[in-house]
Structure formats: structure tokens, C-alpha cells
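Residue numbers (my numbering), protein chains in the order written: chain S, 1 to 284; chain E, 1 to 304; chain R, 1 to 249.
Everything labelled a hint here was simulated from the structure, so no lab data went into it. Check before you lean on any hint, since a few could be wrong.
What follows is a list of derived Cβ distance ranges for each label pair [unchecked claim]: (1) S:Ser271 <-> E:Ala83: 30 to 40 Å; (2) R:Pro107 <-> E:Ser5: 27 to 37 Å; (3) S:Thr52 <-> E:Phe77: 32 to 42 Å; (4) S:Ala172 <-> E:Ala8: 47 to 57 Å; (5) S:Arg182 <-> R:Gln30: 55 to 65 Å.
Derived list of chain R stretches under chain E, where covered just means 3 residues or more per stretch with a C-beta under 8 Å from a C-beta of chain E [unchecked claim]: (6) 16–24; (7) 100–111; (8) 197–210.
Since this is a predicted model, take the numbers as computed values, not measurements. Where is the CB? At the ideal position from N, CA and C, for every residue including glycine.
So the chains spell out like this:
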Amino acid sequence: MLELLLYGGVSSAIYALLAVGFTLIFGVARVFNLGHGSFYALGAYFTYAGQTYFKLPLLLSAAAAVALVAGIGVGMARAFATPMQRSVLAALMITLGFALLVEQILLLTFGSQARNVQNMIAGTVQIGAASISAQRLLTLAVGAGLIAALWLFIHKTRLGAAILAISQDREAAQYQGINTARIFTIVMALSAGLAAIAGILAGSFLTVQPDMGILPMVKAVSIVIVGGLGSIPGSIIAALLLGYGETAVAFLFSTRFTELVSLGAVLLVLSLRPAGLLGKRAAF
Amino acid sequence: MNRRSLAAIALAVTALAAVPLASKSDYLLGVLIVSSIFAVFAASWDFMSGQTGRENFGHALFIGAGAYSAAFLNLEFGLPPAATVPLGGVAALFFAVLIGLPTLRLSGPYFAVATLVAASIMERLTLVLWETTGGEEGLTGLSALARTSVARYYVALTFLAVTVGILVALARSRWGLILRAIRGDEAAAQAAGTNTTLHKMGALLVSAFAAGMAGAVYAHYQQSVGPHVFGVILTVTIITMAYVGGIGTTYGAIAGAFLLTIMTEGLRQFGEFRLLVYTLFLIAIIRFLPDGLLLPIFQRGRTP
Amino acid sequence: MSVLLEVSNLGKRFGGLVAVDSFAMTVMPQEIVGFLGPNGAGKTTLFNLLSGFIEPDQGRVVFDGVDLAGRRNHDIVNRGMARTFQLARPFQQLTVAENVAVACLCPRARRLDAGTPYMDRARALLDQVGLGGRADDPVEILPYGDLRRLEIARALATRPRLMLFDEPFAGLAESEIQPLAELIRALHRDGLTILIIEHRLRIFMQLVRRIIAIDFGRIIAEGAPEQVVNDPRVVEAYLGKGGSPDAVA
Numbered sequence: 001m002l003e004l005l006l007y008g009g010v011s012s013a014i015y016a017l018l019a020v021g022f023t024l025i026f027g028v029a030r031v032f033n034l035g036h037g038s039f040y041a042l043g044a045y046f047t048y049a050g051q052t053y054f055k056l057p058l059l060l061s062a063a064a065a066v067a068l069v070a071g072i073g074v075g076m077a078r079a080f081a082t083p084m085q086r087s088v089l090a091a092l093m094i095t096l097g098f099a100l101l102v103e104q105i106l107l108l109t110f111g112s113q114a115r116n117v118q119n120m121i122a123g124t125v126q127i128g129a130a131s132i133s134a135q136r137l138l139t140l141a142v143g144a145g146l147i148a149a150l151w152l153f154i155h156k157t158r159l160g161a162a163i164l165a166i167s168q169d170r171e172a173a174q175y176q177g178i179n180t181a182r183i184f185t186i187v188m189a190l191s192a193g194l195a196a197i198a199g200i201l202a203g204s205f206l207t208v209q210p211d212m213g214i215l216p217m218v219k220a221v222s223i224v225i226v227g228g229l230g231s232i233p234g235s236i237i238a239a240l241l242l243g244y245g246e247t248a249v250a251f252l253f254s255t256r257f258t259e260l261v262s263l264g265a266v267l268l269v270l271s272l273r274p275a276g277l278l279g280k281r282a283a284f
Numbered sequence: 001m002n003r004r005s006l007a008a009i010a011l012a013v014t015a016l017a018a019v020p021l022a023s024k025s026d027y028l029l030g031v032l033i034v035s036s037i038f039a040v041f042a043a044s045w046d047f048m049s050g051q052t053g054r055e056n057f058g059h060a061l062f063i064g065a066g067a068y069s070a071a072f073l074n075l076e077f078g079l080p081p082a083a084t085v086p087l088g089g090v091a092a093l094f095f096a097v098l099i100g101l102p103t104l105r106l107s108g109p110y111f112a113v114a115t116l117v118a119a120s121i122m123e124r125l126t127l128v129l130w131e132t133t134g135g136e137e138g139l140t141g142l143s144a145l146a147r148t149s150v151a152r153y154y155v156a157l158t159f160l161a162v163t164v165g166i167l168v169a170l171a172r173s174r175w176g177l178i179l180r181a182i183r184g185d186e187a188a189a190q191a192a193g194t195n196t197t198l199h200k201m202g203a204l205l206v207s208a209f210a211a212g213m214a215g216a217v218y219a220h221y222q223q224s225v226g227p228h229v230f231g232v233i234l235t236v237t238i239i240t241m242a243y244v245g246g247i248g249t250t251y252g253a254i255a256g257a258f259l260l261t262i263m264t265e266g267l268r269q270f271g272e273f274r275l276l277v278y279t280l281f282l283i284a285i286i287r288f289l290p291d292g293l294l295l296p297i298f299q300r301g302r303t304p
Numbered sequence: 001m002s003v004l005l006e007v008s009n010l011g012k013r014f015g016g017l018v019a020v021d022s023f024a025m026t027v028m029p030q031e032i033v034g035f036l037g038p039n040g041a042g043k044t045t046l047f048n049l050l051s052g053f054i055e056p057d058q059g060r061v062v063f064d065g066v067d068l069a070g071r072r073n074h075d076i077v078n079r080g081m082a083r084t085f086q087l088a089r090p091f092q093q094l095t096v097a098e099n100v101a102v103a104c105l106c107p108r109a110r111r112l113d114a115g116t117p118y119m120d121r122a123r124a125l126l127d128q129v130g131l132g133g134r135a136d137d138p139v140e141i142l143p144y145g146d147l148r149r150l151e152i153a154r155a156l157a158t159r160p161r162l163m164l165f166d167e168p169f170a171g172l173a174e175s176e177i178q179p180l181a182e183l184i185r186a187l188h189r190d191g192l193t194i195l196i197i198e199h200r201l202r203i204f205m206q207l208v209r210r211i212i213a214i215d216f217g218r219i220i221a222e223g224a225p226e227q228v229v230n231d232p233r234v235v236e237a238y239l240g241k242g243g244s245p246d247a248v249a
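Chain S extracted, bound-state conformation (with noise of 0.2 Å):
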């Protein structure tokens, strides 16, 4: 039960530092970032490789890794943003057009077989009766810690007032003087930045491949549209709904019916609560 609540937990984390990424952007540029997972995999990677090849300590390539994504994060606003606004599917092909080049390039570079990243803690922790791997309990702590460092920079500070101003109507925002352009810039970063540090962290525990990004990415997706387009606490919620729901799902039946959760989730949200747990309208 407490290595349930304790798996469940870590989970959510990784879920949850993508899903608020992914809602962000979605809140500020009314697009669905099908490239977000590739952030994740780019997170694992660099600093697999700058460890291996570079021979970087790994909390320096950790954080390297992190600042390169954020940069192609604000590369791939900047290069992106016009066609992007221009129509939902020109949206959706680019960036899965993205995510679809990233993989490729990955796989070009590094070849298909599954490597891990290091441990940043070894060993195993105790707690009552479970036990877990230090990695684990670390990732859920980062995770937890982050998200709530971001509550607190979406709701005390001047940017973040921003970022909800132009979530709510864009245009009275840029009425209000505020440059959107800027702030998506901002946001794509800050969100890619999380999304990689996911990556990171999960890279440890769970392969690091290069087609490992597809399937984060549609977990975003899903945990966004469950939780509600745009709203952040909704991400959270439904964040921690999905990881526990497929953490149970694992350890009642078996590891294979996981993905289900996800799908089931989608179908029963769009059937009777389209707008999603905490979502204001059905559609843009």
C-alpha cells in the first residue's frame, strides 16, 4: 500500500512536470505542442551524451542539457510561432513534424538501443514497510518541489500574472501592453526546460530510447484534456490522477493495461465532461 502511494507519487511527478509544461504552452499560444515529448528525450540524451562523451560531471550535464533544451525550446517558438498560429492542423504537423525529426536524428546519432542515464543518487531507500530506489524518491521530490516553485511563479510574481492574463484573452492582454511574443518565448523555454528535466530524472529509471518521447507526449495530451485546456491546477490534479490510476492499475492486473488508463481517461472525459475537470469552455 505505502510503495502504491510511494510509485504512485513518483509517477504523477514526471507526469505532472510535463503536463504543466504542455498546458502552459497550450494556454499561452492556444497550440498543442506535439514536439513536447522530444524535449524529454533531448533532456535524457544530452546529458547521457555529455557524460559519456564529454565527460561532464552529471549535475553539470544535467543542467547543460537543460539550458540546450530551453534554447531549442525559444529556437522552435521563434522559428515556428507564424505558421503555428495560422491553423490547428498546420500546428499540430509541424510539431509532430518536429517530434518526428527529433526521433530520427536521435536515432541517427546514437542508434536504436536502450541506455540509461546515472543515478544522481544510488541505492535504496526504506520507508515503513516499502522500499523504493533513492533515484525514485529523488525524482518525486524534484518533481513535487518544481511544480510548486512554479505555483508560486504563476501566482507572486509579474510574469507569471502575465502568463494568466494572456491565458485567459489574449487580446485584452496585449491591450494591456503586454508582449505576447515575449512571454510565449519565455514559456516555451520554461516548459521545455521542465519537460527535460523529466526527462532527466525518469532517464535513470526508465529507458532512454530514441522514440521515448511519443509516448509522454500523449500522455500530456491526455492528462492535459482530463485535467482541462489550460488550467494549470487541473494538470495537477489529473497528473496525479493518471500516475496513481496506472501505478494501481500495475500493481492490481498488470503492467500491460497501463496505457489503457490514459485512453479510457480521454474517452470517459470527452463523453461526459468535455471541458475536463477544471476546464471553463469545450474547445478554444
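Given chain S's structure and the hints, the job is docking chains E and R onto it.
Frame of chain S; chains E and R shown alone:
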């Protein structure tokens, strides 16, 4: 349709039908068979997404459903392609209803996203349930479409002609007009008394059925299936083909399919870089040619 | 003569804002009723509620004896209540005739016009609104005034008994106003019951027989045109929002 288009189509069909008489190359026939199958993939995608404007981002869901169903029915029960192909279409219908029912009545990206999610999850499931589906290697040993490669060629060509014929007839019918009105402005279509959700569902069923059948044909041509038939790469490839040819014109999707399949063959020399080049090409098209590649060229020959 | 439309206790709120408040009215067949009120008074919301584009929180909309409240918009159209939009919404990438033809294919029109081929019917409607010559043009090249006429033709194609016009004269040039008004009068003579929202008072007063004035989602005055327009509450509603009704004409 004007006389010039009609002549062009007649020419293309005759040329395709005559290929085995002019060439003995199995390789060429193979490329054209794959092109034909992908043409149905693309045309069926375009029937939904091009006509109604509701983009399907998981078209591979229907293709995979058809392919794997055909594989099971063929390997477990010994059903021949003549039976598995239509049954593959039926299997795809099941998924169309499952995904379409909750999502088509909503505006916004829900349909696109739900199809993406469903296809990805199905791909995962085929890997996870490897005892039944053969996992990453998939299933092999399916019956062939026909005994000789020339016969297979004509089977594929006939399948293409019949399926596309039906899709075009539907697109040019009153129903097609209603679907395109939904694409034009869904709320206005509702104000004109159209039950848009019902019609979208109908279009999805047609699209899924055609794709499911084509998936089964593909499985029998390759004589194997694998998780890639549910994959995002397949869906993106199909969308690219329709995009390049011109969304909303069924013939555009077909032309795009032939063009890109042949181009992919031409890229074989790039070896591993093939998919990379392909993806770059896709991104470039979307970024710089929003109306597609072929449609503007084609339209320049017509009066505005 | 039986009542065509009976609205009772109709209400809608958006979050904390009450858009329409316990609205009630009765419309007899072949009336032309006008709706007046400052911007944000709730007139378009009212039309959206009646035509099924928004779901009411409460209330009944009894049309021809059947309560349509909460039904979907295309359902309501097929019962005989049609509407036009404030901003013209043509079907892109279709011709003018095709735009109308789609409406001719709705279940109600197919039922009531069973004998006529739908394209013929579409062209006839275009002639009726004065767009006959442009039937085969792509809809994208139509000027704004013609788009409004197209809207009307499309709504008429659904064979309505009651038509809701939402600011039909907005954005029109002076020269286009009288022809459109004449068309509306002709439709009325042919038996159509009409509800109309409009800010351009001069033409509004010429068309309508009864006015309902609305502010804050509530009726503030109702009756003959001259009476309502001069009602102190109505004048105050406009003055309070920075102008008089005349100023908007």
C-alpha cells in the same frame, strides 16, 4: 469535371493498367502496388479530413485495425483475402465509432487529439500484448493477394479504382456538398438545418472502412503485420501525401501518394537518412507551402 | 389565431453575469417584432437562446405548441425557426448557389419541397433575394451587402415560419438599406413572422409594428414603436450608456 481532367484520369488509369505489358520488373510493380495502397490510405484520410475539415491525426488506427484483423482471421481461421479485406474494414468501423462518438460533437482539436492518442495507445498495446500480436516482430505468413506478381498488381489496381471511385462519387454527391459546407463553417451549417455531428460520423465511418480494407490489403501484400501499422509515422506520411497533393481533392491525395512513394524509393540511397529527409521535406512543405505542392500547379491550368 | 411563439421565464447567466433574466414574451403569427437596447443588453444572447445556439439555464420556448428550450440549433431550424448572424458566415470554397443548396438539403426543406430539385430551389431563392446573377460565383468574391442577402436566402431555404434577423442592416451602405428593407417587407407579406434586432433606428421604425426594449437581459418597455422609443426608461438606458437611441441611427 471538365474534359481535360477526365482525359488526364483516363490516361493515368490506362497507363497504370498497361504497365505489366511494358515491363517485366517485379520491383516496379511492387512500388506501384505500394503506391496504390497508400493512395487509398491517403484518399480515405482526405475523405474525412479534407471534406469535413476535421483532421484525423491517428488514421493509422483504422489501417492497423484492418491489418491486424486480416492477419488474425487469415492465420487463425484460414480466411482468404477476399473475406479478410472487407472484414478488416468492419474492424476499423468499431474504432471509428469508439473514437468518433465522444469527440465529433465537440468543436476544437479534440477529435484530432483523441485519434492521435488512440493510435499511439494501440501501437503500445501491440507491443505489450506480444503473445497474441507477435510484439515487435509482428505476425508473418499471411496469404498473398494472388499467386503471381502481375495478378497482385491488378488486384491492387482494381482495389484502388473501385475504392476511389466510390469515394469520389460520394464526394461529388449532395452529401459531399454538405460535408464541405461543414468544413466551410460548421455553425452556419447547423443554422442551415444540418445535423453536423451525424454527417461527420458518417464521413468518419466511410473513411475508416476504406482505410481498414486498405490496411488488410497491405497486410496481405507484405504477408506480415507489425506495430508500425498503428504508428505516428504512418499517419504523418499519409497526411503529407494528402497535403502535397492538395487537401480536399481526392485525386490530389492519390497523386501525392504516388509521388511520395516513388520519391521515398528514390531516397533509398540515403539509407538510414531517408526518414530524416522525409521529415525535413514535410516540415518545409507545411512551413512554406500551405496549399500543398501539386494543387497550385494544377489550379494554374484552370480558370479561376 | 393561435400563438406562434411563447417564451416564459427564459434565463441565462455566464459565470456571475446575468445575460438574460426571466424573459417572457408572446409572438403571434405574421408579426414583425423589433428588439431595441444598448450594446450588451442581451439581445443577441436572447436570439442565441431562442435558436438553440446557447442552452438556457431555465425557461420555456414554446414554438408552435412544442417546447424547444435546450434543443440543438439544427433541430430548431428543422422545426421552422431560422436565424441570420450578425457577421455573415458563408461556406468558404463553395459557390453562391451551393451555399444556399446546402440549406435546401436540410430535412425540413426536403420534406416541404419534395417535388423540386434542390438546385432549382436554390437558384429560385437567389433570384428572390436579388442574387440570381451571381449564383455560380465563388462565395469569396461576394461583397458584404450581397453576403447579407446570401444569409437570408440560406435561412429562407429552410422554409421557416419564424425568422430571427440579427442586425441585418449593420455595415450596409445607404443605397443598400432600402432594397433590403423591401425584401424583408416582401417576406413578411408572404407570411413570414419576423423578429429583428437592429440599431439603425430610422429603418427599424419603418419595419416593425411592435418593439420590445431590453436592458440587462430584462424587458424595460414594450409596445408601439413611437411609444417605446420615447419611454423615459428606454432613453435612460441609452443615455446611461453614453448616447440616445437616435444617435445610433
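Look at the Cβ atoms of arginine 182 of chain S and glutamine 30 of chain R and judge whether their distance stays inside 55 to 65 Å. holds (59 Å)
Can you tell me if the region 100–111 of chain R counts as covered by chain E, using C-beta to C-beta distances under 8 Å and a minimum of three residues? Since 8 is at least three, the answer is holds.
Quick one: are alanine 172 of chain S and alanine 8 of chain E within 47 to 57 Å, going by C-beta? holds (52 Å)
With 32 to 42 Å as the target window, see if threonine 52 of chain S and phenylalanine 77 of chain E comply at their CB atoms. Given about 50 Å between the Cβ atoms, the range is violated.
Do the beta carbons of serine 271 of chain S and alanine 83 of chain E sit within 30 to 40 Å of each other? holds (34 Å)
The hint says 27 to 37 Å between proline 107 of chain R and serine 5 of chain E; measuring C-beta to C-beta, is that right? The hinted range 27 to 37 Å holds for proline 107 of chain R and serine 5 of chain E, with Cβ atoms some 33 Å apart.
8 Å C-beta criterion, at least three residues: is the region 16–24 of chain R covered by chain E: violated (count 0)
According to a criterion of three or more residues whose C-beta lies within less than 8 Å of a C-beta of chain E, is the region 197–210 of chain R covered? Since 0 is below three, the answer is violated.
Violated hints, listed in ascending order, are 3, 6, 8; each of the other numbered hints is respected by the structure.
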